[in-house]
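K.L.:
Chains A and B are the protein sequences, given in the same order. Its first residue numbered 1, the first sequence is counted upward by one per residue in my numbering. Its first residue numbered 1, the second sequence is counted upward by one per residue in my numbering.
Errors might be hidden in some of the hints.
Sample of chain B residues at the chain A side, in silico, Cβ under 10 angstroms [what the hints assert, rightly or not]:
1) Gln135
2) Gln195
3) Val223
4) His256
5) Ala293
Simulated crosslink set (EDC-like; lysine to aspartate or glutamate; CA at most 20 angstroms straight-line) [claimed, not checked]:
6) A:Lys267 / B:Asp235
7) B:Lys332 / B:Glu306
8) A:Lys267 / B:Asp250
9) B:Lys208 / B:Asp238
Source of the hints: derived by calculation from the structure; they are not laboratory data. Backbone N, C-alpha and C define an ideal beta-carbon position, used for all residues, glycine too.
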Amino acid sequence: MKLLEVRDLRVAFPTADGVVRAVRGVSFSVEAGRTLGIVGESGSGKSVSTQTLMGLTPGAQVSGEAWFDGQDLLAMPERQMRRVRGAQIGMIFQDPLSSLHPHYKVGWQIVEMIREHEPDTGKAAARKRAVEMLGLVGIPQPDRRVDDYPHQFSGGMRQRAMIAMALALHPKLIIADEPTTALDATVQMQILDLMRRLQREFDTALIMITHDLGVIADMADDVLVMYGGREAEVAGRRTLYYRPHHPYTVGLLESVPSAPGVGGRLKPIPGQPPSLINLPSGCVFHPRCEYVMERCRVDEPPLREVVATEPAPGEEPAGALPGGDLPRVDLRRDGTHRSACWLPHTAVGLDAGVAAARRAASEAADAGAGAAEDADGAEPEGGER
Amino acid sequence: MSTSQDRADTPEDTAAGTGGDTAAATATAAGPAGAGEPLLEVDNLGKHFPVTQGIVFKRQIGAVKAVDGVSFSVRKGETLGLVGESGCGKTTTGRMIMRLLDSSFGKITFEGRDITGLSQGQMRPLRRDLQMIFQDPYSSLNPRQTVGAIIGAAFKLQGETPQQGTRAAVQELLQLVGLSPEHYNRYPHEFSGGQRQRIGIARTLALKPKLIVADEPVSALDVSVQAQVVNLLEDLQDELGLTYVVIAHDLSVVRHISDRVAVMYLGKIVEVGDRNDLYAKPMHPYTNALLSAVPIPDPAQRAGRERIRLQGDVPSPLDPPPACRFHTRCWKAQDICKQVEPPLVELSPGHQAACHFPENTTVSQTDLVAKAAVSPGASADGAADAPQAQE
């Protein structure tokens with residue numbers, strides 16, 4: 001049972017310079033108790049898509065559907081939306097200082113939200129719940145700190161207070177937009193632990209938006225990689241990290257400095273993210289892609305299922321991790337791994353063999369071998385790592 | 001200033017001073033083996049920002065001890081990484097090295113010359129040797145000036161006319177950092193974040209500096225662009241023989257770019273070491289915790305490793321904990337940590353840590369206690385139950 005299902009979401013902002021096409025037909029879904037990670041660089045449309053769901057993008061031209069618990073969020077009148085926002089869908093924003101009101105006490109802000117959505121709750125009862133929530137998220141002496149102002153909290157505590165507020169009404173879905181980007185590494189770990197624990201406790205669905213692949217590896221069950229307002233690749237967490245298909249995903253994974261081969265040169269993706277007003281023709285990633293084919297410049301690839309060289313049921317996938325233990329990559333042929341790229345769907349993985357296969361396929365396609373599917377014969381080795 | 005004077009008399013500060021001396025001594029000793037002689041030496045440097053009360057008659061009621069006695073040296077051609085969480089004083093240290101902030105105490109030696117007390121006017125000729133790359137490529141470039149004017153200003157301020165003319169020199173710099181000469185007449189808003197950072201780097205390089213302090217040079221950039229700028233910084237170092245002090249909170253970037261890394265916590269350096277040594281065998285518990293907190297973009301490795309969870313937040317630098325500043329969050333803390341400040345001592349060649357109970361080291365506890373110059377029969381059993389290495 002899907003808690004939230006978004007279909008073909010499109011968001012555009014008319015500006016003086018032209019129409020900014022921030023989101024161009026994105027579909028995703030999330031189930032109760034699961035975490036969907038959305039990764040992408042700035043301008044990939046990851047924040048805009050979730051803000052649109054919450055009705056927080058005034059002035060935007062929106063189309064598509066977003067079914068949450070049997071209701072279409074995008075067709076909902078504002079009055080009804082107000083009852084969903086906060087109560088059934090909680091939001092955690094990146095910058096906790098600017099999302100808490102500096103003039104009101106932290107506790108008061110939580111109390112206000114509880115009473116807004118549940119007018120029957122008395123002041124004292126709401127306050128008691130606010131104290132409870134602050135304690136739950138690990139703020140020391142919550143009965144005293146409830147009367148503090150946001151500036152008296154440290155960055156980590158503010159983010160905890162935001163989480164307490166997001167959870168106060170036990171929402172079914174939490175959207176966390178870069179929840180730990182502004183925090184230090186040690187505090188980030190505390191906050192991620194906390195979110196995981198609370199998610200288990202309340203069986204909440206979580207959408208985690210971030211540009212940090214490390215955080216996604218920690219948190220997400222399924223991952224959606226966005227580029228230029230569209231899905232580049234969708235996959236389960238392990239599949240995405242060990243058997244990525246889209247060259248953009250591969251590039252992202254390889255450009256992280258902690259990747260194997262410390263001390264060597266980093267492998268950046270050349271060029272800059274695209275302008276959303278003048279999008280490149282064909283595949284939006286083609287100006288930066290090292291495997292670009294003629295077809296990529298003209299046709300925009302649809303999101304297609306990736307079915308890689310599949311081991312028989314029960315068989316371990318070939319290739320081992322450097323540590324010796326096998327990555328338990330689930331190779332399901334159930335459409336969970338999809339990628340918007342014209343390269344043959346067998347070219348998945350990160351090692352040199354796959355890179356060569358990708359290159360061969362792209363050259364073969366340009367040499368006039370016809371459609372990219374014909375290049376499937378350029379079989380990559382099964383030696384994924 | 002008065003606070004620094006007062007503090008210098010306290011025993012723990014003297015201890016820190018000796019620690020600093022050891023640090024400087026070992027650095028020089030390691031010099032011939034390393035890349036070259038020290039270009040920059042920092043000795044017991046500190047910055048206390050006064051906190052005042054009252055409107056007309058301001059009384060000082062305390063001081064934010066942003067940096068409280070750090071000592072390190074940077075050799076020619078090497079990259080020193082300065083890491084730590086927000087508020088640990090890494091940026092303040094960088095700004096003091098640049099003399100953008102006056103230090104409260106301590107000494108900065110650049111090319112053997114004490115630059116701590118120099119006036120603005122005396123500093124100006126030195127500015128060509130000491131340059132800075134700023135974190136935010138949006139606010140560090142004047143939006144009303146063209147790229148040519150921004151980079152050319154460096155020549156103008158130093159009263160220098162390049163042989164080939166300013167315009168040609170600027171265009172060469174643009175090419176050097178991977179931009180095109182046609183960008184000369186454009187304005188900063190026409191560029192993306194990564195390109196702006198390149199403009200900032202070009203400006204930094206205009207006068208062929210010897211030392212560049214880069215304060216979070218890539219943290220405002222997207223991952224894919226981050227790698228481009230890191231590579232550029234490394235190429236420029238090889239080409240022009242630059243020396244870097246890179247300040248960052250991102251441990252993986254620092255690991256990639258640095259030769260040596262110094263870890264700061266609440267205004268003190270807690271550990272300095274060779275990059276590989278420090279990441280493979282961290283000695284200070286804080287370094288250990290910091291390293292284990294970095295999310296690894298690899299689900300399998302993530303599942304395999306043990307993590308250290310620190311409790312609470314970094315204490316306020318207004319009133320830092322006494323003795324070892326980390327003891328309030330340290331899982332190995334003993335009584336001695338609350339009473340005696342551990343000095344920064346060399347525990348293995350080129351690797352120093354300031355801890356009473358360091359990990360990954362063979363130095364016996366009694367030696368350390370002796371070094372810490374304390375008499376009480378300090379608990380030597382602390383090391384026995386030390387958790388094993390994380391990696």
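K.L.:
For the pair supplied as a hint, B:Lys208 and B:Asp238, is the alpha-carbon distance within the 20 angstroms limit?
P.N.:
holds, 14 angstroms
K.L.:
Classify the hint on B:His256 as holds or violated, based on whether any CB of chain A lies nearer than 10 angstroms to its CB.
P.N.:
holds, 4 angstroms
K.L.:
Quick one, is the B:Gln135 hint okay against chain A at 10 angstroms, beta carbons?
P.N.:
violated, 14 angstroms
K.L.:
Should the hint that B:Gln195 touches chain A count as held when the rule is a Cβ pair under 10 angstroms?
P.N.:
holds, 7 angstroms
K.L.:
Please verify whether A:Lys267 and B:Asp250 have alpha carbons no more than 20 angstroms apart.
P.N.:
holds, 18 angstroms
K.L.:
Check whether the Cα positions of A:Lys267 and B:Asp235 lie no farther apart than 20 angstroms.
P.N.:
holds, 13 angstroms
K.L.:
Hold the hint about B:Val223 up to the distance rule: shortest CB distance to chain A must be less than 10 angstroms.
P.N.:
holds, 6 angstroms
K.L.:
Compare the distance between the alpha carbons of B:Lys332 and B:Glu306 with 20 angstroms, and conclude whether the hinted pair is satisfied.
P.N.:
holds, 17 angstroms
K.L.:
Is the interface hint for B:Ala293 satisfied, with its Cβ closer than 10 angstroms to some Cβ of chain A?
P.N.:
The hint holds - B:Ala293 has a Cβ within 10 angstroms of chain A, the shortest such distance being about 4 angstroms.
Hint violations for this structure: number 1 only, all remaining hints satisfied.
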